[in-house]
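Visitor: Here are the chains, one letter per residue:
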Amino acid sequence: MDRIGFLTGRAARAIVILLGVIVLNFVLLRLAPGDPASVLAGDQGAADAAFVEELRHDLGLDRSIPEQLWVYARSLAQLDFGQSYREQRPVVDIVAERLPATLLLTLTAFGFALAAGIALGSTAARHAGSLLDTILTGISVMFFAMPLFWIGLMAILFFSVWLDWLPSYGMATVGAGHSGLSHVADIALHLLLPALTLGLFYMAIYMRVTRASVLDVLDRDFVSTARAKGLKPGLIWRRHVLRNALLPIITFASLQAGHLIGGSILIETVFAWPGIGRLAFDALMQRDYNLLLAIFFITSAIVVAINLVADILYVAADPRIKLGA
Amino acid sequence: MSRFLRSLALSVVLSLSAWSSALAQEAGGTLNLIVQPEPPTLNVGVNRLGPTTYVGNKIYEGLLTYSADLKPVPRLAESWTVSDDGLVYTFNLRRNVKWHDGQAFTAKDVVFSFEKFLPALQARSRLNLAEVKEIAAPDDHTVVFTLKAPFPAFIFVHNTAVLPAHLYEGVTDFRNAEANTKFVGTGPFKFAEWNKGSFIHLVKNPDYWGDGKPYLDDIFFHVIPDANSRAIAFETGQVDVLRAGDVENFDIRRLAELDGVELTEAGWEVLQPVGYIHLNNRHKPLDDVRVRQAIAHAIDRQFIIDTIFAGFGHETNGPLSRLSRFKDTAAETKYEYDPAKANALLDEAGLKPDANGVRFAVKLVPLPYGELWQRQAEYTREALAAVGIKVELVAADVPGWFKRLTSFDYDLGQNFVYTTADPAVGISYAYTTVEGDNAGTTGGNVNGYSNPEVDRLLVEAGHENDAEKRKALYSQAQKIISAEVPLIWTHDIVFPTLYRGKVRNLITTGFGTDENFADVWLAK
Numbered sequence: 001m002d003r004i005g006f007l008t009g010r011a012a013r014a015i016v017i018l019l020g021v022i023v024l025n026f027v028l029l030r031l032a033p034g035d036p037a038s039v040l041a042g043d044q045g046a047a048d049a050a051f052v053e054e055l056r057h058d059l060g061l062d063r064s065i066p067e068q069l070w071v072y073a074r075s076l077a078q079l080d081f082g083q084s085y086r087e088q089r090p091v092v093d094i095v096a097e098r099l100p101a102t103l104l105l106t107l108t109a110f111g112f113a114l115a116a117g118i119a120l121g122s123t124a125a126r127h128a129g130s131l132l133d134t135i136l137t138g139i140s141v142m143f144f145a146m147p148l149f150w151i152g153l154m155a156i157l158f159f160s161v162w163l164d165w166l167p168s169y170g171m172a173t174v175g176a177g178h179s180g181l182s183h184v185a186d187i188a189l190h191l192l193l194p195a196l197t198l199g200l201f202y203m204a205i206y207m208r209v210t211r212a213s214v215l216d217v218l219d220r221d222f223v224s225t226a227r228a229k230g231l232k233p234g235l236i237w238r239r240h241v242l243r244n245a246l247l248p249i250i251t252f253a254s255l256q257a258g259h260l261i262g263g264s265i266l267i268e269t270v271f272a273w274p275g276i277g278r279l280a281f282d283a284l285m286q287r288d289y290n291l292l293l294a295i296f297f298i299t300s301a302i303v304v305a306i307n308l309v310a311d312i313l314y315v316a317a318d319p320r321i322k323l324g325a
Numbered sequence: 326m327s328r329f330l331r332s333l334a335l336s337v338v339l340s341l342s343a344w345s346s347a348l349a350q351e352a353g354g355t356l357n358l359i360v361q362p363e364p365p366t367l368n369v370g371v372n373r374l375g376p377t378t379y380v381g382n383k384i385y386e387g388l389l390t391y392s393a394d395l396k397p398v399p400r401l402a403e404s405w406t407v408s409d410d411g412l413v414y415t416f417n418l419r420r421n422v423k424w425h426d427g428q429a430f431t432a433k434d435v436v437f438s439f440e441k442f443l444p445a446l447q448a449r450s451r452l453n454l455a456e457v458k459e460i461a462a463p464d465d466h467t468v469v470f471t472l473k474a475p476f477p478a479f480i481f482v483h484n485t486a487v488l489p490a491h492l493y494e495g496v497t498d499f500r501n502a503e504a505n506t507k508f509v510g511t512g513p514f515k516f517a518e519w520n521k522g523s524f525i526h527l528v529k530n531p532d533y534w535g536d537g538k539p540y541l542d543d544i545f546f547h548v549i550p551d552a553n554s555r556a557i558a559f560e561t562g563q564v565d566v567l568r569a570g571d572v573e574n575f576d577i578r579r580l581a582e583l584d585g586v587e588l589t590e591a592g593w594e595v596l597q598p599v600g601y602i603h604l605n606n607r608h609k610p611l612d613d614v615r616v617r618q619a620i621a622h623a624i625d626r627q628f629i630i631d632t633i634f635a636g637f638g639h640e641t642n643g644p645l646s647r648l649s650r651f652k653d654t655a656a657e658t659k660y661e662y663d664p665a666k667a668n669a670l671l672d673e674a675g676l677k678p679d680a681n682g683v684r685f686a687v688k689l690v691p692l693p694y695g696e697l698w699q700r701q702a703e704y705t706r707e708a709l710a711a712v713g714i715k716v717e718l719v720a721a722d723v724p725g726w727f728k729r730l731t732s733f734d735y736d737l738g739q740n741f742v743y744t745t746a747d748p749a750v751g752i753s754y755a756y757t758t759v760e761g762d763n764a765g766t767t768g769g770n771v772n773g774y775s776n777p778e779v780d781r782l783l784v785e786a787g788h789e790n791d792a793e794k795r796k797a798l799y800s801q802a803q804k805i806i807s808a809e810v811p812l813i814w815t816h817d818i819v820f821p822t823l824y825r826g827k828v829r830n831l832i833t834t835g836f837g838t839d840e841n842f843a844d845v846w847l848a849k
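First to last, the protein sequences are chains P and B.
Counting in our numbering, the first sequence runs from 1 upward without gaps.
Counting in our numbering, the second sequence runs from 326 upward without gaps.
A hint or two may mislead.
[To be verified] Derived Cβ-Cβ restraints for the label pairs, each shown as a range: (1) B:T506 / P:V23: 55 to 65 Å; (2) B:E351 / P:D93: 33 to 43 Å; (3) B:K609 / P:L255: 46 to 56 Å; (4) P:A96 / B:P362: 13 to 23 Å; (5) B:G427 / P:H259: 49 to 59 Å; (6) B:K609 / P:E53: 22 to 32 Å; (7) B:G427 / P:V23: 42 to 52 Å; (8) B:S404 / P:R30: 47 to 57 Å; (9) P:L28 / B:D734: 16 to 26 Å; (10) B:D734 / P:S64: 18 to 28 Å; (11) P:A96 / B:P777: 29 to 39 Å.
Keep in mind the hints are simulated off the structure, nothing from the lab.
Yeah, the Cβ is synthetic: ideal placement off N, Cα and C, and Gly gets one too.
This is chain P alone, in the form it adopts within the complex:
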């Protein structure tokens, strides 16, 4: 199969998946008890039944679920994700405001986790059985086992409260009025703790996968052959060991992409990071259907895209894999 055919096939599959995500979430959300009219009426403190029914009618919630889905699908076909009933603004605008913060956080955490995980995991594998291996494996187990929010809170306590080195919350210093480079530096300082906290957990996972994968590859015949041929250890390591060991890591990392976005909800809450994780949580609490569906759609699209990239990387990492196979 040629490259274009392969990509078209994958893209078509991705669209079907995304449509499935929309329909499933649409129905699930409406099955949850309580709706936007409940939330709006709840805000009032005092209201009568007529007021609640009026709201339900205004929001189109008095129609059947298939009817509501049809209305939603029709506007979606015109790329209209609708309005947030809470903020009275198009949901696309709301998501667009918050997405960059989440991307910055998750990509930084992801990059750190991948780099540190592979470096430490392969170091542990090279020194398998040594004290260094035991220490590194211990660190990995520790970060894997500790809940994210706990690591976050302890990091705040240590670096922000006791040492006073790093800010404890937010994406920038409120009211500082930084601009240009000092603004970038301010954001970088704020990013450090949340990105490391989120990254440490995933680093622990990648470390373990890398260590196991490298050990597995080191045992393979082609490595023994390379050694027997008298190739330099550095070359064997780069060309034969790491390249083959990377495959399971790519698989794992792409599967973890969804988890990373999920994990960012916790981190965004603890560190008051203004991303879509926290936005999704608030939208759920307020049954802001359109906003939630847009967030689900966009995060699903990102996960699907990452998996598509993983498929392509696979081919690059291992020429034996055939397109479309």
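Given the coordinates of chain P, assemble chain B onto it according to the supplied hints.
Guide: The following block gives chain B in isolation, referenced to the frame of chain P:
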């Protein structure tokens, strides 16, 4: 008597300190506050949620506000009169008030707000304005409300924000109007910036009608979603005030010990919050008054106050808060913690324990507002198990909780309610018979309690113009309601506020931190 003397002494001290601080106010500085959860809008005409009013009340103003002893205080109205028959309320408006966009504030704005905008969007306003026959503006600076019948609570509905009529010309769909997001008010602070998910920035309104006010240059509201992170932000001095709900009560005791930190319980005189465990009077066996009384005796409410709410709260045995002018403790039935009495009442109701010691089983929907309410639910389960009532806790988030309670789809349900400055607007709905299966909101009669005599008393008291007669009617209502215990009043809630000592005049009225902050200043 001693309580009276204490509160008298306190108010003397407070007024003296207010007087002395009035001499020394310093202008300038930035106040850092927390708003949580992040409000959906700052327009208090659109939304009356706690976070919205906290921020929005600095931007928008009503005709009046209310002092801690519940006297009306001038805001956009500089004076007012109420006719002897209680039917005509005349407000004389300030003449030197400008909207934040420079337009003059006039009677037209008031008429527009009360006649069109508020009834379209706010259920509570709609209920209150149902009492009004006519709203008129004889000139640009006078507004006259004529009521259908005397309704003394009417003086207490004028903290409601007035909105700029000129921004809504030609608009019919007020809920989705673009002007709703402009945040143009008359208040001491103007909207400057909202960095969603991070902060809201308000700046001083240099054209404010109050001479020399406000004192602060600007206010930042920080958005910090996690309670622990909020506590740290306060501890590290990044924010100056923590309000009720910002941190849990057990943390408040700890933080209050910090150097330079002050704690006050004042500022809830208007809202008067009371904690509830609703009982679904439509479900058996909760329809039996003896069963409800048994539950009241089975729960140690002092334990709830002391242990769960860290000592913040007061016992109450009836529908009104201790802060209410109509509270009549003599008329109330006192429900002491007495499991033996609870057991006897349940026996009398014919609910004998089975082989496992269970008399009957109920489902409790906890209030999804944080840790303390969950703990209270767990305590309730244990306390009721001790008298043979098996309680199952049902997990629900806010919309789910709301849905269950308002549609009578529950047995026991937690809640807390603002009983407010006047029972006619605060608690009448909570005890008046509801027809059908929809109680409207959780502030309504979700208990499904129905007593024609109580219905009559509440309507009569709400429309009685004679203060003494009114008080007597409310006493009669409290006597019946307290004896029939349609719900459990767990505690008269105290919501403490923590603040740095440099923040002065933080609480000056019965609205506490929901006030407009024109008087707040920072000591250097």
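Visitor: Does the Cβ-Cβ separation between T506 (chain B) and V23 (chain P) fall within 55 to 65 Å?
Guide: Given about 32 Å between the Cβ atoms, the range is violated.
Visitor: Is 22 to 32 Å respected by the C-beta to C-beta distance linking K609 (chain B) and E53 (chain P)?
Guide: 29 Å, holds
Visitor: Should the hint that E351 (chain B) and D93 (chain P) are 33 to 43 Å apart at their CB atoms be regarded as holding?
Guide: 41 Å, holds
Visitor: Cβ-Cβ distance between K609 (chain B) and L255 (chain P): within 46 to 56 Å?
Guide: Since the Cβ atoms of K609 (chain B) and L255 (chain P) sit about 52 Å apart, the hinted range of 46 to 56 Å holds.
Visitor: Does 18 to 28 Å hold as the CB distance between D734 (chain B) and S64 (chain P), or does it fail?
Guide: 21 Å, holds
Visitor: For the pair G427 (chain B) and H259 (chain P), does the Cβ-Cβ distance stay inside 49 to 59 Å?
Guide: 52 Å, holds
Visitor: Given a hinted range of 16 to 26 Å, is it respected by the beta-carbon distance of L28 (chain P) and D734 (chain B)?
Guide: 20 Å, holds
Visitor: CB of S404 (chain B) to CB of R30 (chain P), is that within 47 to 57 Å?
Guide: 52 Å, holds
Visitor: Given the hint of 42 to 52 Å, is the C-beta distance from G427 (chain B) to V23 (chain P) inside that range or not?
Guide: Distance hint for G427 (chain B), V23 (chain P) holds at roughly 50 Å.
Visitor: 13 to 23 Å was suggested as the range; check whether the CB atoms of A96 (chain P) and P362 (chain B) agree with it.
Guide: 21 Å, holds
Visitor: Against the range 29 to 39 Å, how does the distance between the Cβ atoms of A96 (chain P) and P777 (chain B) compare: consistent or not?
Guide: Given a distance of about 57 Å, which is not inside 29 to 39 Å, the answer is violated.
In terms of the numbered hints stated before, the structure departs from hints 1, 11, listed from lowest to highest.
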